[in-house]
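Enquirer: Mind docking chains P, S and V on chain B? Use the hints.
Residue numbers (the working numbering), protein chains in the order written: chain B, 7 to 243; chain P, 7 to 243; chain S, 7 to 243; chain V, 7 to 243.
Among the clues, some could well be false.
As the list makes no split between identical chains, a pair holds if one copy fits it or if it spans any two.
[Claimed, not checked] Pairs of lysine-lysine, PhoX-like flavour, derived with a Cα cap of 25 Å:
1) Lys177 x Lys11
2) Lys177 x Lys18
3) Lys10 x Lys173
4) Lys200 x Lys190
5) Lys153 x Lys11
6) Lys11 x Lys89
7) Lys137 x Lys89
8) Lys45 x Lys177
9) Lys10 x Lys174
10) Lys142 x Lys120
11) Lys177 x Lys35
12) Lys40 x Lys153
13) Lys67 x Lys208
Since the hints were made in silico from the structure, they are not lab data. Remember, it's a predicted structure, so these values are computed and weren't measured experimentally.
Number of protein chains: 4
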Amino acid sequence: MEIKKLLLCEGKTFAWREGDLHTNFGLVKGEDIKQGKVKSNKDKEFIVLEPNFNDLTAFMKRGPQMPLAKDIAIILYYSGIDKDSIVLDAGSGSGLLTCSLARIAKKVISYEVKESNHKLAKKNVEKFGLKNVELKLKDIYQGIDEKDLDVITLDLPEPWQVLEHAKKALKLGGTLVTYLPSIKQVDQLVKEAKQNGFLVSKTLEVLEREWLVKENIIRPSHDMYGHTAFLTFLRKI
Amino acid sequence: MEIKKLLLCEGKTFAWREGDLHTNFGLVKGEDIKQGKVKSNKDKEFIVLEPNFNDLTAFMKRGPQMPLAKDIAIILYYSGIDKDSIVLDAGSGSGLLTCSLARIAKKVISYEVKESNHKLAKKNVEKFGLKNVELKLKDIYQGIDEKDLDVITLDLPEPWQVLEHAKKALKLGGTLVTYLPSIKQVDQLVKEAKQNGFLVSKTLEVLEREWLVKENIIRPSHDMYGHTAFLTFLRKI
Amino acid sequence: MEIKKLLLCEGKTFAWREGDLHTNFGLVKGEDIKQGKVKSNKDKEFIVLEPNFNDLTAFMKRGPQMPLAKDIAIILYYSGIDKDSIVLDAGSGSGLLTCSLARIAKKVISYEVKESNHKLAKKNVEKFGLKNVELKLKDIYQGIDEKDLDVITLDLPEPWQVLEHAKKALKLGGTLVTYLPSIKQVDQLVKEAKQNGFLVSKTLEVLEREWLVKENIIRPSHDMYGHTAFLTFLRKI
Amino acid sequence: MEIKKLLLCEGKTFAWREGDLHTNFGLVKGEDIKQGKVKSNKDKEFIVLEPNFNDLTAFMKRGPQMPLAKDIAIILYYSGIDKDSIVLDAGSGSGLLTCSLARIAKKVISYEVKESNHKLAKKNVEKFGLKNVELKLKDIYQGIDEKDLDVITLDLPEPWQVLEHAKKALKLGGTLVTYLPSIKQVDQLVKEAKQNGFLVSKTLEVLEREWLVKENIIRPSHDMYGHTAFLTFLRKI
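Bound-form chain B, shown alone:
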């Protein structure tokens, strides 16, 4: 069932769907939640928040390691995706990138070879009510059915196995993005991409640092990801 509101209390976030909500800060009445700012029966105050997509991703069913928001943001923008884009995504994994793409693009096709991931992605796509996603239980290393794609995003260990298929499936000028943890993978990808006639646009990494901004203290957060992945952007020419 769809999450309608988020309730915030002492740094913790609770998802509300319907009825009364039981939390470790006490019970909150469904009727009160509909009205706005509320208190629990333990007299704890909650902030009620209308969730946006980004809020809701925190409540997705978790599966294999999910890409971080910072990397998804960069992939979406740098690959030039907009309302008219047709995008292929593989592997689906938990579906986070798939859903993020689908909220911007016209249509997203997502391949996944592992059945459990495929099912998980399906659940998450449904949860967000996205209608422009086609999920296929299919090994992208074996080929791509689609043609004239604007963008292909690959979050899988051997993207060089997809280069030949991608070349046929992408339209001229189309972008192939890879998400790779190891720079050794990037090395191999770039080498093979050049041999396959792709334009190697750029490889980059993104570091995000949160800041604490309080009355008496302003400093970066101690917690920070030292690394997630290298993003490589190739172009069909």
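Expert: Structure of chains P, S and V alone, referenced to chain B:
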């Protein structure tokens, strides 16, 4: 006139609209460009690329300092903008953020107080053929006409002057994003946002580092922006 | 008692002083350790390492939060400390910075206001057998006894309370270094330092990122400190 | 001749040795400089600073690319160098690392294969009046004369050519540090170091970011090195 192709040669990029193209690597015939890979009359080989939005931003008419792609990407994704979003943007500046928003959102209204910027933004919006943008020559510190906005993005020096207006103009759960170079500005914004009843979601900074991946050398680029801005996300509750 | 060797096994490090060593990988004989590469009675192989100062700091008695090696390294080098330097350090804390200074400088005097820290620092100084350290149980906010100091290092919350004392205690051109977690503290320090006639040389932060370099994977470590402290360097002029 | 004072005016730094000083802000009398704060004949005020080692490195005779202070600092500290250390350094280059080592260590031997660099390093060592440095015009790839070294620092393109020599020259537990721009070089080094029986301690990179802290603006500097080198620490076991 619209840019139809990009021509790449020895790390330089040339925009082609129509006819023959004169470059410092020689003249390239318009007829050849339409066909794909071409040579100039000096026998220099060019790569022909179908441009995407990101490519084209490099050819926008430049005005005041423009936000970097990395920061725009984060603003777009973290504020949860999608095809249904109505977004207000101020100040327009050169219109880069305005255009980036308009390619994703349903509708973008952009305020700018300086006439030269307003005209520049107009030219750039037209250049991209974006129909869902309304540009207003108007001081946002004086008030906001719109209601029920999903997101407001502020790239101006005193965003705290907009807080009261933004509170009326945003829908419940809507996001206000600020782009501020100095952490002192963030300090003042956060203080006043709390007083105005906003939920202070987070402040962050993003570092992007490009990598050179060649046959014999793999290393980060020496060039890197040490800083652009702190991004702060507020929510109307 | 002094640590004579370190024994490494499966990513874990054990300190050996004398006699047999009991580890969770089995018992290792003292006689074997003296010879070099050894096996435990469970047939586990250990690497035997002659420790240097940096290795040994991992076995110091822990107290209040200790500065990281990266920050100590920068403090030591940027403040121009060498074999002839007389340095004042406050507060002693666990004594890690004190000991690091003492290994380079001619003499280190270290003030600490809290008795438990003072005792802890004393133990650690003794552990390293450093003879050129004088530890004082004394509040540096109340004054400095010494004169003609080359460098003063301050790891305490209100270094601006030390500015006037430092001005008298430092020699001309001498350096005052502060280690401050919050940029708000730096702001106040810089303001007061200018009023006190110090030359504000620079404020910086240092990020260190470790890399995994293995046969099949080369990538940055996921673990990284997003922040420790801002280092500010002032000069007496 | 030795630099005795530095004069600072409007962000520029001038070195004073003796006599009157001619600057683009006017002439400053030698007699005035000896006294402290001075004005030029154009009525410009100068700050007079007693230089420390770090200040003076800015006035070294420049030759091949010099390592940055941040990297030297980390090398010095992490390799555990102190007053008793005997260190070998190659190649000398301009001598900056050699001099930095010599100010801490008991003795530094520095090899350089190129005569122009060797002479340059010699000049810089003399400039700093360092007596504990021995500069050799010698190719370290051909062998190392010394024994029982505490630390070897290598700033040269193929450090794996030095591994066998280093193994004989280092004492047990001694550290070999390499400064390598490309992670491909690190990959090869680590592979061969393991084959040669070294303990691969760690590889890291250090980012330093300066901050502007003024009355009305507090922000990181825009200028920042995106990359200098990867530092790898090996241990003889």
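Enquirer: All hints are to be evaluated individually against the structure, with a verdict given for each.
Expert: Verification of the hints:
1. In this assembly of identical chains, the alpha carbons of lysine 177 and lysine 11 lie at most 25 Å apart only when taken from different copies (14 Å versus 41 Å within one copy).
2. In the homo-oligomer, the alpha carbons of lysine 177 and lysine 18 lie at most 25 Å apart only across protomers (23 Å), although the nearest pairing inside one protomer, at 46 Å, exceeds that limit.
3. For the homomeric pair lysine 10 and lysine 173, the shortest alpha-carbon distance between copies (21 Å) is at most 25 Å, but the shortest distance inside one copy (42 Å) is not.
4. When the C-alpha separation of lysine 200 and lysine 190 is checked against a cutoff of 25 Å, the pair qualifies both within a copy, at 16 Å, and between copies, at 19 Å.
5. Taking the shortest Cα distances, lysine 153 and lysine 11 sit within 25 Å of each other only across copies (21 Å), while inside one copy they are farther apart (40 Å).
6. For the identical chains of this complex, lysine 11 and lysine 89 are inter-copy neighbours only, at 21 Å across copies versus 27 Å inside a copy, given an alpha-carbon limit of 25 Å.
7. For the identical chains of this complex, lysine 137 and lysine 89 are neighbours both inside a copy (14 Å) and across copies (13 Å), given an alpha-carbon limit of 25 Å.
8. For the identical chains of this complex, lysine 45 and lysine 177 are inter-copy neighbours only, at 23 Å across copies versus 55 Å inside a copy, given an alpha-carbon limit of 25 Å.
9. For a Cα distance limit of 25 Å, the shortest separation of lysine 10 from lysine 174 across copies, 22 Å, qualifies, whereas the shortest one inside one copy, 43 Å, does not.
10. Only within a single protomer do lysine 142 and lysine 120 lie at most 25 Å apart by alpha-carbon distance; the minimum there is 10 Å, versus 51 Å between protomers.
11. In this assembly of identical chains, the alpha carbons of lysine 177 and lysine 35 lie at most 25 Å apart only when taken from different copies (23 Å versus 54 Å within one copy).
12. Taking the shortest Cα distances, lysine 40 and lysine 153 sit within 25 Å of each other only across copies (21 Å), while inside one copy they are farther apart (47 Å).
13. Taking the shortest Cα distances, lysine 67 and lysine 208 sit within 25 Å of each other only across copies (24 Å), while inside one copy they are farther apart (33 Å).
When the structure is compared with the earlier hints, no violation turns up for any of them.
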